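Asks: Listed below are the residues making up each chain.
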Amino acid sequence: MNIIDRERMTDGRADAADAFAPYGQEVGSRLLLGTAQYPSPEILGNAVKSSGAGIVTVSLRREAAQGGGGDRFFELIRSWGVHVLPNTAGCRTAKEAINTALMARELFDTRWVKLEVIANDDTLQPDVFGLVEAARELSGQGFEVFPYTTEDLGVAERLMAAGCDVLMPWGAPIGTARGLANPYALKTMRNYFPGVPLVVDAGIGAPSHAMHAMELGFDAVLLNTAVAKADDPVEMAAAFGEAVAAGRKAFLAGLMEPRDMAAPSTPVAGTPFFDLGQKR
Amino acid sequence: MQQDARQAEQGTAAASRGLFVNGEACASAAATLTELVRELGYGERRVATAVNGQFVAGSERDATQLKDGDRVEIVAPRQGG
Chain A
272 MNIIDRERMT DGRADAADAF APYGQEVGSR LLLGTAQYPS PEILGNAVKS
322 SGAGIVTVSL RREAAQGGGG DRFFELIRSW GVHVLPNTAG CRTAKEAINT
372 ALMARELFDT RWVKLEVIAN DDTLQPDVFG LVEAARELSG QGFEVFPYTT
422 EDLGVAERLM AAGCDVLMPW GAPIGTARGL ANPYALKTMR NYFPGVPLVV
472 DAGIGAPSHA MHAMELGFDA VLLNTAVAKA DDPVEMAAAF GEAVAAGRKA
522 FLAGLMEPRD MAAPSTPVAG TPFFDLGQKR
Chain B
236 MQQDARQAEQ GTAAASRGLF VNGEACASAA ATLTELVREL GYGERRVATA
286 VNGQFVAGSE RDATQLKDGD RVEIVAPRQG G
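For the protein sequence lines, the chains are A and B, in the order given.
Take the first sequence: its letters are residues 272 to 551, numbered as in the numbering used here.
Take the second sequence: its letters are residues 236 to 316, numbered as in the numbering used here.
Not one of these hints is a red herring.
Listing some non-contacts, in silico: residues in chain A with all C-beta distances to chain B over 12 Å:
1. Ala292
2. Glu404
3. Met431
4. Phe464
5. Ala509
Below are the SDA-like pairs computed for lysine to any residue, each with C-alpha atoms no more than 20 Å apart in a straight line:
6. A:Lys366 x B:Val286
7. A:Lys366 x B:Ala285
8. A:Lys366 x B:Asn257
9. A:Lys458 x A:Pro444
10. A:Lys500 x B:Arg313
11. A:Lys366 x B:Gln289
FYI, nobody ran anything at the bench for these hints, they're computed from the structure.
Since the model is a prediction, treat every value here as computed from it, not as a measurement.
Just so it is clear, CB atoms sit at the ideal spot from N, CA and C, and this is done for glycine as well.
Turn these sequences into a full structure, and let the hints steer you where they fit.
Replies: Pasting the structure below:
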């Protein structure tokens, strides 16, 4: 499974060649960071910097005339010099998601959209039918769609047929911090779509979860709450940045295969007090 | 006859429309989406709009006539995950 990546590795220059490039846009970091629920804009900005994230997600919401927060937030995210990925959070139908994406494209001046169509308020799980429909329509209108989806292979194939070149399967329900609820299905998905940028998005709670996803060979991880709700978001963001990089490095280095029975690491030959033929 | 028609037209133009803006009932005499956004006081702020669930590009607000019962969304950039 790692053969192709191993061939790319040469004397430590793997980092330069090992690019994450969704829709052809090279991004330095394999960590994508959400911008919601931070204690302050200042902490948010510092967390983005300390994480090294190259892509941040944003949304759009109703704004009162007396508001003015939208302009301030827009200037803030622009000051970071990162790629902006607007989401369609809260949309429950393809129509809502499509029109939200159209508004986002105008507001943020980008073709990128993190497509969310949600089926259930408790699990916030993707409505896969609306998701595929919206993906097809938006791809047709020139959007570069990052669909928030499940580990369902049939849905994944339909999303790709609909024009998606990136897939973002969930780790666990949004905001649950449960990590990878079904690593077996995620591993299968990784094997099924070897050339496709796959980003684990949602449910991450700890850097170890993000690292696990990267060890499985996923191309990147997207998370928000795990950093925003940490006691120290700025330090946690840095920890996540390191975890994602370490996980990628481990994947490229070729993880050993797990086994059930013990196999001694220390050589058996030459063991002192070892009497051949005598039962111990 | 012509004067009657003109007066009737002016009467309609000045009448208040019962709209919904961002989910709240809102009476407005604005005839177009551009006028509504200006009347509500958004000024030059970066917003996007939709009417009755359909996106309306900034360049199309002038041409978008409002009618009674129209549901308008006026949105701006926000934090998101």
